[in-house]
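One line per chain: the protein sequences are U and G, in this order. Heads up: the first sequence is residues 18 to 255, going by the working numbering. Heads up: the second sequence is residues 826 to 1101, going by the working numbering.
Be a bit skeptical, because a hint or two may be false.
Distance condition first, Cα-Cα at most 20 angstroms in a straight line; then the derived DMTMM-like pairs of lysine to aspartate or glutamate [what the hints assert, rightly or not]: (1) G:Lys1025 x G:Glu989; (2) G:Lys848 x U:Glu74; (3) G:Lys1068 x G:Glu989; (4) G:Lys1068 x G:Glu953; (5) G:Lys1032 x G:Glu1047; (6) G:Lys882 x G:Glu872; (7) G:Lys1035 x G:Glu1047; (8) G:Lys1054 x G:Asp1031; (9) G:Lys848 x U:Glu93; (10) U:Lys59 x G:Glu863; (11) U:Lys54 x G:Asp860; (12) G:Lys1035 x G:Glu972; (13) U:Lys94 x G:Asp860; (14) G:Lys1025 x G:Glu964; (15) U:Lys59 x G:Asp860; (16) G:Lys994 x G:Glu1026; (17) G:Lys994 x G:Asp1051; (18) G:Lys1025 x G:Glu976; (19) G:Lys1054 x G:Asp1041; (20) G:Lys864 x U:Glu74; (21) G:Lys1054 x G:Asp944; (22) G:Lys1025 x G:Asp1091; (23) G:Lys864 x U:Glu93; (24) G:Lys1035 x G:Glu1021.
Not everything, but these chain U residues come out facing chain G in the computed CB check (under 7 angstroms) [what the hints assert, rightly or not]: (25) Asp23; (26) Gln29; (27) Met30; (28) Phe32; (29) Thr38; (30) Ile39; (31) Met46; (32) Lys54; (33) Leu60; (34) Leu73; (35) Glu74; (36) Thr101; (37) Leu125; (38) Ser126; (39) Cys134.
No lab work stands behind these hints: they were computed from the structure. Where is the CB? At the ideal position from N, CA and C, for every residue including glycine.
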Amino acid sequence: MNLSPDQVVFWQMGFFKLNATIAYTWALMIVLVLGSKLVTRKLSTQLQRSRWQNLLEIIVTGIKQQVSEVGLQQPEKYIGFLGTLFLFVAMASLFTIIPGYEPPTGSLSTSAALAICVLVAVPLYGIEESGLTEYLRAYMKPTFFMLPFNIISELSRTLALAVRLFGNMMSGTMILAILLTITPFLFPIVMSALGLLTGMVQAYIFSILATVYIAAATRVHKPKIESHKKLLNNDDDN
Amino acid sequence: MLIDWFTVIAQVVNFLILVWLLKHFLYQPILNAIDAREKRIASEIAEADAKKTEAVKERDEFRQKNETFDQQRSAHMNQVMEEAKTERAQLLDAARLESEDLRTRLQAALKNEQHCLNDALSLRACEEVFAIARKVLTELAGTTLEERMTEIFLARLRELNDAEMAGLKSAFLASNSPLLVRTAFELPTEQCAAIEAASKEILGSDKQLKFETAPDLISGIEIIVDGQKIAWSIAGYLASLAKSVDSLLKTPDNLQSKDEIIDIADAAQEIDENRA
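In isolation and in its complexed conformation, chain G is listed as follows:
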């Protein structure tokens, strides 16, 4: 008999036990381990996918930000360039204006300097003319001239208008001091007598006259009483002439010092160089 029934039963039992044992010790743990690994790999892949998605998103965001930044930067650059251009134009205009202003001032200063020089030359020429005239007249002056002058003086005294005459008279009468007669040279007695006679005649008073010599008159004669003076002298002519010349030369103008003129000229030159 090939089949032993006890063995068959025993083998069935053995097989069922083996099934249970292997299920417990082999299939289940192995399948669990494989499942765990698959889950782990799946989760890792999912995580990697999520990370990739996130990375792509971040990359897109970064790219977008970069583009925005580039646009902003170029816009900024353009704006700054425009501003710089405007500023440059403004600065150039300002420099041009300043330069023109300085040039105008320089021209004015140069003109002024030339004017001053002319004035100085005129003044000097006048002074020289006066000096020469004074010297010539001083040298020509003498007793005969004094006589002539006395005549002219007396004639003028007589030609005084009424108001002047009245003022002179009142001053002469009110004054206690003697009438002072100044001449460049000492008058001869005849001249003195003539003057005294004329004063008596004109002023109506026989007050004592006092004669003085004053060389600075150059040539001439003057009567001084109580602050009032009647005179005819070359010095007086010359003085009035010099006074009128002075007043002519010293007309208020843009008088500037030479140093200032030089400064203005330097500044104008510098501005021109900068513009070039």
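Bound-form chain U, shown alone:
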């Protein structure tokens, strides 16, 4: 029994290999992209629209609303990253209803990759919003001595992100596998349903935490930005 789909290797050539994680990720990507492409190929701007368009609109506007509720001013800017995080994790867990499928998020490599993406994206968005020096100065707040702790915090929360997602997804799959061997009929179904729920919750937690991190990074100098905006508005009025 494999603890991670990484261990199922279909093809390998030196450093390069094609394992189940990558393969299932590709499959997920194909499904997501093709589904989106098919639905958005003929979008209606009228009041009458297709069910699939309605579904996608609900998903996209839901993500956008969540992002803006956390406190990001321009959700359209972050929805590509944060929405894809949520959709990828959610779809990865949703597809567990397909027999023989293993979620790529059940691999620590995948969750680590996603956490690394967040780790990189947070400072990038922060620097974009408030400039490099301002962003770096935030690590030294309230005092210079807090710099190591801030860096440790940054790294540890990334680790926490990765391990939380991996643990939950892996445990769900593992419990299902173990239960299948003990009680083959009823419990796996219940656990599978529970796994779907935890998968959704994990997707939500992962993406919302990433949103909070980005919001925290971009909100470092918010008061100053607001006063600057006020000045700009006054100039416009004049």
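Dock chain G against chain U, hints included.
Below, chain G alone, put in the same frame as chain U:
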């Protein structure tokens, strides 16, 4: 080892590709579609608001126009009513005047008719009186009366004033024709001789006299010479009397025919009915 670093790198790349793809195929089109719809709805709402505003404006204008129209109509109606009242009063006055005029004319016509009737009665009475007188005198007339008349005639002839006498004389002398003496009955010879003697005496001429009988004189005698006439006869009296009566009756008055009187009476009655 739970972490396979190649897989981590591959998943990072995969994730970034997925981000780009979904951004391109999912978020952007969906958000664009939602924005387009929102814009469309907003524009429709704005259009509806504009239409509503316009409708409210038009409704107000219409209401105002209606009120103005009502006011104008009532003012017009009042004016027309006033005019009609005035016109009615004028027409009634005119009808009253016409009626009074017609009544006056009717009364005048009736009075006239009564007058005419009286005239006709008087004329008829006169004619009857004359006829009776003529008949009585005709029946009474005779030779003795003629004698008496001859005497009276001769007496009158003698009583002529100088101017009349001179005119008669000159006419008698100038005339070639004999002096014509007309009587109702044939005069006896004595009477004729007396007349001849009197003419000689008065006119100073012994011209031949010519005697004629004229029954229409009723009773009397007349001398005619060259257009001049000296006469005394009952017919003459009667004729002058009849002439004076005629002139009395035929005084110029508002003589109107009976038909016209009836017409005026009808018109007056009609006007009275209309007024009632």
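**Prompt:** Okay, which hints does this one fail, numbers in order?
**Reply:** Going through the list in order, the structure violates hints 3, 14, 21, 22, 26 and 27 and respects the others.
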